[in-house]
Each structure stands twice: as structure tokens, then as C-alpha cells.
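Residue numbers (my numbering), protein chains in the order written: chain A, 19 to 228; chain B, 87 to 227.
Check each hint, because a few of them may be wrong.
Unchecked claim - To give an idea of the chain A side of the interface with chain B (calculated C-beta under 10 Å), a few residues:
1) 29
2) 40
3) 85
4) 126
5) 191
Calculated from the structure, these hints are not laboratory results. Here the structure is a predicted model, which means the values were calculated and not measured. Ideal Cβ placement from N, Cα and C applies to all residues, glycine included.
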Amino acid sequence: MIEYWTWWIGALGLFGVCLAYFLLVGRLLGVSGSWAKVVGWRENRMLQQASQEFTSNQEDMSSALMAETLAEFGEDALQELQSESPATEVAANKVDVNELESSTPWTAHLAFLLCMFIGAFVTAYLSGQFELRYELSAVHSRIFGDTWEVWLALLFGGMMVGFGTQMAGGCSSGHGLSGCARLIPASLLATIVFMVSAVFLSMLMEVMMR
Amino acid sequence: MNTTQIKSHFEYGLVGILFGAVLTRIGFADYDELHNMFILSDLRMMYSFAGAVALSMIFFIVLNKRVPKQHKLLQPGTVPGSMLFGFGWAITGACPSLVFVQLGHGALPAIFTMMGIVIGVWLYRKTHGKFFGWDTGTCGV
Numbered sequence: 019m020i021e022y023w024t025w026w027i028g029a030l031g032l033f034g035v036c037l038a039y040f041l042l043v044g045r046l047l048g049v050s051g052s053w054a055k056v057v058g059w060r061e062n063r064m065l066q067q068a069s070q071e072f073t074s075n076q077e078d079m080s081s082a083l084m085a086e087t088l089a090e091f092g093e094d095a096l097q098e099l100q101s102e103s104p105a106t107e108v109a110a111n112k113v114d115v116n117e118l119e120s121s122t123p124w125t126a127h128l129a130f131l132l133c134m135f136i137g138a139f140v141t142a143y144l145s146g147q148f149e150l151r152y153e154l155s156a157v158h159s160r161i162f163g164d165t166w167e168v169w170l171a172l173l174f175g176g177m178m179v180g181f182g183t184q185m186a187g188g189c190s191s192g193h194g195l196s197g198c199a200r201l202i203p204a205s206l207l208a209t210i211v212f213m214v215s216a217v218f219l220s221m222l223m224e225v226m227m228r
Numbered sequence: 087m088n089t090t091q092i093k094s095h096f097e098y099g100l101v102g103i104l105f106g107a108v109l110t111r112i113g114f115a116d117y118d119e120l121h122n123m124f125i126l127s128d129l130r131m132m133y134s135f136a137g138a139v140a141l142s143m144i145f146f147i148v149l150n151k152r153v154p155k156q157h158k159l160l161q162p163g164t165v166p167g168s169m170l171f172g173f174g175w176a177i178t179g180a181c182p183s184l185v186f187v188q189l190g191h192g193a194l195p196a197i198f199t200m201m202g203i204v205i206g207v208w209l210y211r212k213t214h215g216k217f218f219g220w221d222t223g224t225c226g227v
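Excised from the complex, chain A in its bound form (with noise of 0.2 Å):
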């Protein structure tokens, strides 16, 4: 029988873990985001270089919108808006793409996901719970029956938990740890709905086990 935290040891351990990532990050902890991150680092990529050259090319982009507006209604509807509002000259300010987009790379998303494997490895490891298997644990197999089943269950589950999350806009570090911590209404709202939820299935597949 392995031991485990008392569950006020454990609180404080999950309570140190979201402290330091905001304290290094400077961000509230959520993993999904770093899921989201990572699997799209190529799309993001590319949003990060279109904006990049917009921001260069910004002095061309307004005189080409201008060019537009003329074209669409006109030198009178102009110099209509301009007698309106002498005041509101264009003064749009230089976009910094350092603002338009978090600066960290996908890589450290990256990085935080795989020493999420190295830092429960090691710990495994040291406590002796390290084992190499071909099931998730007895009850688990009980519950799904035959190994292709298992992984079939798993497969499919893994996509729910993915894509609930992304809908969600967040997962149980997100919404559930920080979300809930800073008592935003929607992060309470989907606490409680995954919650309820993994508990409804849990029971259900509890009493079909039966």
C-alpha cells in the first residue's frame, strides 16, 4: 500500500505549485492553455508573423486603408468626418507585437508539459511507484474489459478531455485551481459541471460494473 499526503499536506503542495507559477510565470497556472500552445504552435506561428508584418508595414497599411476609404465613399465623406471631429486626429499608436501576442514561446509550454513527466517520474521513481504496465490499474481494466477496449476507451476519452477543454476554455488547473481561486463566475460554473460529471459517470460505471 503506498502512502500518500494527509489531504492539508497536499493542499499546501498544490497551493505552493500554483504560487510558484505565478510567481515565475507571472501568470495564473492552466495547463490547457499550455496544451493549446503547444498543438498549435505552427497556426500561431503564423499569426505571430502576420502581425509582425503588419506592425512593420504600418505606415503603408493605413495609406492603402485611406486609399480604400476614398475609393469606397469619397473626398466629401472625408472631409465631412473631419469637420465633425477636428480633434480625433489619427493618432493610432504604434502596435508592439510583444503585446499583441504573449512573448513565450511555444517551446517552454513545451518544456512545462514534458518536466510535468520528468518531476512525477523521478518522484515515482524515488518512492518505489515506478512500474512499467500494460493497464491503468485493476479497477480500470474491470471497468473497460479487454485490452483494445481499454485503449479504445482511453483513445476516445483522451479526445473528450481535449477537445471539452479547448470549448471550455479551460481544465482542472485553469478553471478549477486559479479560475475558482479568483472566484470568476465562469470558472466556478465549469468546476462544478466537470465535477458533477466525472462523479455522475464514475457512479454510473460503479453500478454497471455491478
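Here the structure of chain A is known, so what remains is to put chain B in place on it, guided by the hints.
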């Protein structure tokens, strides 16, 4: 790549190691423990979770102005997305962070869960613009 970006790799990595270690010692990687939590027969991990939330809440209330505002919105996807996530969590025993912790324990089937999550995240990014298009406010982005 500049020094700040290299530094951020180390910062993220350090927190990642810490997170993995803590989740391991609490027992979140153990499907049996998790299942016992979900069928409400052993609430130890639930209390850990709630305790961490309570402590963070106190901390963030004290530091109120210094904490960056989070972009989390109540949007049409919040409830169905959370429901999907909850069901998926009950089936796989893995949330987006726990899958790495399970792998770290040597549970090889977690590879399937990981593949599933990658497919799921990718699929959502593909379908989002087409079918949903609202602001999900994903964390950290």
C-alpha cells in the same frame, strides 16, 4: 531567441517538475484513488484540491491588484465543454496535466490518452472557427 525567452524555458520547466512531483505525492496518478474520489468514497484528494483553492483565494485576495486579470468568460462552450471534460476525466483518469503524471508512473496505456488529447485539441482548433467562433478565453493565451 533572447535571454528572457531562454529563461522562461527554465521557469516553466521548474514549475513543471514541481507540479509533477506534487501531483504524484497526492496520488492523482493513481486511477483507483481518483475513482474512489469520483464515487465519493474517499474524499482526501478532493479536500486537497479544495484546500489549495482556499489558500490561493486568500493569497490572491491579499495581492488583489498585482494579479493579472484572467481572460475567462462565461461563453456558450463553458458548460458543454466542461461536461465533455468531466466524462473524459472519469473514463481516462487523466486531465491535461495528469496524463504526463500517469506516464511518469510507467502506465503505458496513458500514451493512448495523450494521443487522444492531441487529437481533441487539434480538432477543436480546426472546428472552432467553423462552427463555434465565440471567445473561449483559454487560459494563458
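Cross-check of the supplied hints:
1. Annotation: interface hint on residue 29(A) holds; nearest CB of chain B at approximately 3 Å, less than 10 Å.
2. For residue 40(A), the shortest C-beta to C-beta distance to chain B is roughly 7 Å, which falls under 10 Å, so the interface hint holds.
3. Because the closest C-beta pair between residue 85(A) and chain B is about 29 Å apart, greater than 10 Å, the hint is violated.
4. Contact between residue 126(A) and chain B, as hinted, is supported at the beta carbon level, the nearest pair being about 5 Å apart and thus within 10 Å.
5. A least Cβ separation of about 6 Å between residue 191(A) and chain B falls short of the 10 Å threshold, and the interface hint therefore holds.
Hint compliance for this structure: hint 3 alone is broken.
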